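**Student:** Each chain, letter by letter, is given below.
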Amino acid sequence: MARSSAITLLSLALAGCSDAEQVNPLGVIAPPADAGPDVEAPEDAGPDAEPPPQDDAGAPKRTISQRNPFGNVAETENLLWDGDFEWTSPFSDQYGWLSGPPLSYAFSGVRIGAECHSGIKCAAVKKKGNLAAIGVAVVGSKLDASCWAHVKKGTCDLVKASIISIEQGGEPSAPVTAEQTQPGADGWCHYESVIPARTSKPYFLITNQTGDEILIDDAILKKAPPSTALSVKYLAPTSEDLAAVAQARIEILALRGPHDAPPSPAQRAFETWRGRQ
Amino acid sequence: MLRGRFPGSRSIGAAVLFAAVGASAPARAGSFTDDGTFQFDPRAVARLGFEEAAPDDAGPGSAPDDHALEGGHVINVPKFQGIDLPVTLPQARATYRVSAWIRGAEATVSFELTYSQHKDEVAALYPTGRITSDGWVEVANDHLRVDGPRLKSASVGLFSSDGAVVDAVEIVPDGDATSLPAVPNAPCTGADDPSSCGVEQVCVWSSCRNVGGWVPAIPSDRANVTDYLENRLKFLFGPYLERTQDLPAVLVATDSMRHATDRYTFWNGFLTAVRKLHDGHTTTSGLADFVVQNPRPLAICFLEGDADLTHAAAAKDVDYLDVLVSHTGADHNLGLHPGDRLVRVDGQHPIAWMRALIDVNWSQPGISNHSTFAELSSTLQRMISRYAQTIQVIRCDAATSTCGAPETIEIGSLPEDAPGTPFDGVTCDNRPIRHLAGAPKNHATGDAVYSGLVMEANPGEKIYGLEWESLYTTNGSDGVAPDLHAAVSAWTADATGVILDHRTGFGGTILAPEILWNFSVLSHPNDLYVDRIFASEEQPDPAAAQARFQAALSGPLVQYAGSGSPNTDVPVALLLTEDVSASDWLPQGMKGSPSVRLFAPFQTNGGFSTRYAFGYWLGLGYIAAVGDDILPDGTTHNGRGVQPDQVVLPKQSDLLIGKDTVFEAGLSWVRAWKKP
Chain A
363 MARSSAITLL
373 SLALAGCSDA
383 EQVNPLGVIA
393 PPADAGPDVE
403 APEDAGPDAE
413 PPPQDDAGAP
423 KRTISQRNPF
433 GNVAETENLL
443 WDGDFEWTSP
453 FSDQYGWLSG
463 PPLSYAFSGV
473 RIGAECHSGI
483 KCAAVKKKGN
493 LAAIGVAVVG
503 SKLDASCWAH
513 VKKGTCDLVK
523 ASIISIEQGG
533 EPSAPVTAEQ
543 TQPGADGWCH
553 YESVIPARTS
563 KPYFLITNQT
573 GDEILIDDAI
583 LKKAPPSTAL
593 SVKYLAPTSE
603 DLAAVAQARI
613 EILALRGPHD
623 APPSPAQRAF
633 ETWRGRQ
Chain B
1123 MLRGRFPGSR
1133 SIGAAVLFAA
1143 VGASAPARAG
1153 SFTDDGTFQF
1163 DPRAVARLGF
1173 EEAAPDDAGP
1183 GSAPDDHALE
1193 GGHVINVPKF
1203 QGIDLPVTLP
1213 QARATYRVSA
1223 WIRGAEATVS
1233 FELTYSQHKD
1243 EVAALYPTGR
1253 ITSDGWVEVA
1263 NDHLRVDGPR
1273 LKSASVGLFS
1283 SDGAVVDAVE
1293 IVPDGDATSL
1303 PAVPNAPCTG
1313 ADDPSSCGVE
1323 QVCVWSSCRN
1333 VGGWVPAIPS
1343 DRANVTDYLE
1353 NRLKFLFGPY
1363 LERTQDLPAV
1373 LVATDSMRHA
1383 TDRYTFWNGF
1393 LTAVRKLHDG
1403 HTTTSGLADF
1413 VVQNPRPLAI
1423 CFLEGDADLT
1433 HAAAAKDVDY
1443 LDVLVSHTGA
1453 DHNLGLHPGD
1463 RLVRVDGQHP
1473 IAWMRALIDV
1483 NWSQPGISNH
1493 STFAELSSTL
1503 QRMISRYAQT
1513 IQVIRCDAAT
1523 STCGAPETIE
1533 IGSLPEDAPG
1543 TPFDGVTCDN
1553 RPIRHLAGAP
1563 KNHATGDAVY
1573 SGLVMEANPG
1583 EKIYGLEWES
1593 LYTTNGSDGV
1603 APDLHAAVSA
1613 WTADATGVIL
1623 DHRTGFGGTI
1633 LAPEILWNFS
1643 VLSHPNDLYV
1653 DRIFASEEQP
1663 DPAAAQARFQ
1673 AALSGPLVQY
1683 AGSGSPNTDV
1693 PVALLLTEDV
1703 SASDWLPQGM
1713 KGSPSVRLFA
1723 PFQTNGGFST
1733 RYAFGYWLGL
1743 GYIAAVGDDI
1753 LPDGTTHNGR
1763 GVQPDQVVLP
1773 KQSDLLIGKD
1783 TVFEAGLSWV
1793 RAWKKP
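Chains A and B supply the protein sequences, listed in that same order.
Using the working numbering, the first residue of the first sequence is number 363, and each one after it goes up by one.
Using the working numbering, the first residue of the second sequence is number 1123, and each one after it goes up by one.
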């Protein structure tokens, strides 16, 4: 029997990104008997921690890594419904993210596995597409907003992220800016800003202006410690930026109120297959 | 070596290897060599590598794939299609780890067991966190109990809503007979049976079913997962009144997750917490609801009413309305008829019994107000079969309008249906009788809208009716909108009165009520829907809420109901019983209009919100309300239903003779006030 690659896995995990995500021990999820004290688990191996499969003799066919199957739950106080996309469901007709344009509850493009940054799931955003995460603010508190985007074409700043309000008289949009211009070696860009307290409902709007599909993952909106300095950079928005935010406001406003759709086509297909009684 | 087969006995070319069951050593999943080659666990009792090519005929099958995880083939799961992969397991009592690898998109992978003539148990496979650099994601569940000697069949089910690729399915023993209860699926006497079932078992359809496989393992970072999930409810659940009244009990339920010693208790703790939010939009679900088959379906619909013929035989409950048979199917009805009374379920009033299921019933309906239970009554049909051991009924004779003594029926000893048994099922819609030509005999209205002259009136009276349940339209032109517009056009032409029979309403969007409001209601500011803004937001002070409403009047957010020139000379009777969301807004917008009268046994649900839905790999899911609604007087509306103008309880004496009490009340009022 060949040796397991567990050692490789562990070393990759320990060398991984600085993600705060905690994961289960390698291999199987802890069995039910393991219900005792919590385990301090190794960190996520991070995205693309291994090279892609190669056909060259001697090169590995594939490498294996470990993710937290529940995503970045270390951010227990994330103010977004599902920033890491782990609870997206094909049966859901209305979810904690909107996708567009036009922004609507029809949410598709969920990706799984190693191409995602954290957890198992992430979301693809087509060229000129956008996403908006739904969340809440904290009274009188600065907010720390962040997310990851995988960029194939262009620079990180072509992914426009901001915290917006849809209310009349709400605060201006607060950009969530890239920490670097060029994507990392793994193609991922990190965006983060500490923004002033909001008095209106926050939506985390992400618009793809890169010219190719992008992936979005691990969006976080959380209360920032009072001592944290604001880091938001109010760059002069382009006309395209302004138009995108204005249009998003209109589209989100149109979605207010009750919306109880019939079962989704996926659910109906599943029920038909299973002959639900 | 045997082959698994698709439905229709088409070979799938799956290599299924059988081996002796090992001892109860910890399971080892398939592993990888240093070069990344996958290897099945040598102790696997079933391995599906899909290495044999599928036949040429169409349909899902194994296919060559350069990036197969194991060997050179995979199985493709087409979009919206399901595939059953039969597997044969050793005839021993044991537990197993079942795993598969998926690629490309989320796929539901289930492990399904049949001990009778039906699917009896199911486990959902969840991601373990193990992934490969070429896109494969492992899903698994472990310690799944199998009573080999009794097992008739086992299968692995695959479904994908996007189209996915699956490979390397394997079943590895991870426990022996000592991991199962002494009697693996012991008989039991209902949901409140205190002793028959063991850990990770629930009494369903009179036997202790294993439910450990419904859920993932307890996460090793359980504190984080618990805090994270708890905070979804604390930070983001919207309705104010329920937050005040119900959140304390919710937090007790989530706290149970911190101390749970088995996986079912852990995850059911979260789902119970969601259910305890006590909200019409807020519910939970699980894979078992879709897969495990009801061996003893019933075709009996119940509703709440006044058992005016039988209070001497069984006194009225001080807390709850009487429960009566509304309508039945031609079979599977226990010999019950409309007007018969359901007195008790497992010794309790039926509503009290249903309410007590909240800790175990993942499909328990939510109700926003705290005093009505129509949603529970209409669900009794399914829940009695699933969770009850006995019911007590009183049968009545329509010819003499007399009733007998209370009689006990053993639900647990009813024979199970053989496959293919005819079943004349009925949908429970709170309408004992349908009143429009063409309305479905089985009461299954679905998304349809039925309209026309009511059959109980002379055609020359021009009294129109509408029977429908959905208010879903995305733009005012699709969904139910064309039918509603057509009905309104007919009423405008020559109606002397209208009866809107919305006794079951599943909501939709505001655009549909607007069509009906515009016909009969003078335009007025109705309400202000408010999304939750802050994590710590609680019940607003009425004066502050009223000021918020007043301020909003100058903007686009206040919802107006009605039109500038409604048809107020046409009386409209709106019949209500069970509703939520836009179906709550409908009566709210009509309430107070001089030409409209609301007829119902009690207030509406009070589900004035919208909701978001979440699922974890289709194995478990929840839906939560996210907002609330402010009325012009500054009160918040979620949790407070719309009161009827005329309280009408379905009477036992009416049901017995084929009379629909609520409808007749509406018809009588419309006739009295009909347009000349």
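No lab work stands behind these hints, which were simulated from the structure alone.
Note that the structure is predicted; figures quoted are calculated from it, not measured.
Keep in mind that the hints are not guaranteed to be accurate.
[As the list claims (entries may be wrong)] Here are the simulated DSS-like cross-link-like pairs (lysine-lysine), alpha carbons at most 27 Å apart as the crow flies: (1) A:LYS504 x A:LYS423; (2) B:LYS1201 x A:LYS488; (3) B:LYS1201 x A:LYS490; (4) A:LYS488 x A:LYS515; (5) B:LYS1713 x B:LYS1584; (6) A:LYS504 x B:LYS1356; (7) B:LYS1201 x A:LYS489; (8) A:LYS584 x B:LYS1356; (9) B:LYS1584 x B:LYS1781; (10) A:LYS595 x A:LYS585; (11) A:LYS423 x A:LYS490; (12) A:LYS488 x A:LYS585; (13) B:LYS1796 x B:LYS1584; (14) B:LYS1356 x B:LYS1584; (15) A:LYS489 x A:LYS515; (16) A:LYS488 x A:LYS504; (17) A:LYS585 x B:LYS1201; (18) A:LYS514 x A:LYS489.
[What the hints assert, rightly or not] Examples of chain A residues toward chain B, derived with CB under 8 Å: (19) PRO431; (20) GLY475; (21) ALA547; (22) GLY549; (23) TRP550; (24) LYS595; (25) THR600; (26) GLY619.
From the three backbone atoms N, C-alpha and C, an ideal C-beta is built for every residue, glycine too.
**Student:** Hint by hint, note whether the structure agrees.
**Tutor:** Evaluated hints:
1. Of the pairs offered as hints, the one joining A:LYS504 and A:LYS423 is violated, with about 47 Å between alpha carbons and a cut-off of 27 Å exceeded.
2. Taken as a hint, the B:LYS1201 and A:LYS488 pair is honoured in the structure, with Cα atoms around 20 Å apart against an allowance of 27 Å.
3. As the CA atoms of B:LYS1201 and A:LYS490 are separated by approximately 26 Å, the hinted pair is consistent with the 27 Å bound.
4. For the proposed pair A:LYS488 and A:LYS515, the alpha carbon gap of about 12 Å is at most 27 Å, so the pair holds.
5. Annotation: proposed proximity of B:LYS1713 to B:LYS1584 holds, straight-line Cα distance about 24 Å (limit 27 Å).
6. Between A:LYS504 and B:LYS1356 the CA atoms are separated by roughly 19 Å; this keeps the pair inside 27 Å, and the hint holds.
7. A distance of roughly 24 Å separates the Cα atoms of B:LYS1201 and A:LYS489; the hinted pair therefore holds under the 27 Å criterion.
8. Distance hint between A:LYS584 and B:LYS1356 is fulfilled; the C-alpha atoms sit about 14 Å from each other, no more than 27 Å.
9. Between B:LYS1584 and B:LYS1781 the CA atoms are separated by roughly 21 Å; this keeps the pair inside 27 Å, and the hint holds.
10. For the hint linking A:LYS595 to A:LYS585, the alpha-carbon distance of about 18 Å falls within 27 Å, and the restraint holds.
11. Of the supplied pair hints, the one linking A:LYS423 and A:LYS490 is violated, its CA atoms being roughly 35 Å apart against a limit of 27 Å.
12. About 30 Å separates the Cα atoms of A:LYS488 and A:LYS585, which puts this hinted pair outside 27 Å; it is violated.
13. About 9 Å separates the Cα atoms of B:LYS1796 and B:LYS1584, which keeps this hinted pair within 27 Å; it holds.
14. Our distance criterion of 27 Å between C-alpha atoms is broken by B:LYS1356 and B:LYS1584, whose separation comes to about 52 Å.
15. With a CA separation close to 10 Å, the supplied pair A:LYS489 and A:LYS515 stays within the 27 Å bound.
16. For the hint linking A:LYS488 to A:LYS504, the alpha-carbon distance of about 31 Å lies beyond 27 Å, and the restraint is violated.
17. With a CA separation close to 40 Å, the supplied pair A:LYS585 and B:LYS1201 exceeds the 27 Å bound.
18. With a CA separation close to 11 Å, the supplied pair A:LYS514 and A:LYS489 stays within the 27 Å bound.
19. Among the interface hints, the one on A:PRO431 holds; its C-beta lies about 4 Å from the nearest C-beta in chain B, closer than the 8 Å criterion.
20. Contact between A:GLY475 and chain B, as hinted, is supported at the beta carbon level, the nearest pair being about 5 Å apart and thus within 8 Å.
21. Checking A:ALA547 against chain B: minimum C-beta separation of about 15 Å lies over 8 Å; hint violated.
22. For A:GLY549, the suggested interface contact is broken, since its CB lies about 14 Å from the closest CB of chain B, more than 8 Å.
23. Annotation: A:TRP550 was flagged as interfacial toward chain B, and the flag is violated, the nearest CB pair being 15 Å apart, outside 8 Å.
24. Contact between A:LYS595 and chain B, as hinted, is not supported at the beta carbon level, the nearest pair being about 25 Å apart and thus beyond 8 Å.
25. A distance limit of 8 Å between C-beta atoms decides the matter here; for A:THR600 the minimum to chain B is near 27 Å, and the interface restraint is violated.
26. The closest approach between the C-beta of A:GLY619 and any C-beta of chain B is roughly 5 Å, which is under the 8 Å cut-off, so the hint is satisfied.
In the structure shown, a violation is registered for the earlier hints numbered 1, 11, 12, 14, 16, 17, 21, 22, 23, 24 and 25, in ascending order.
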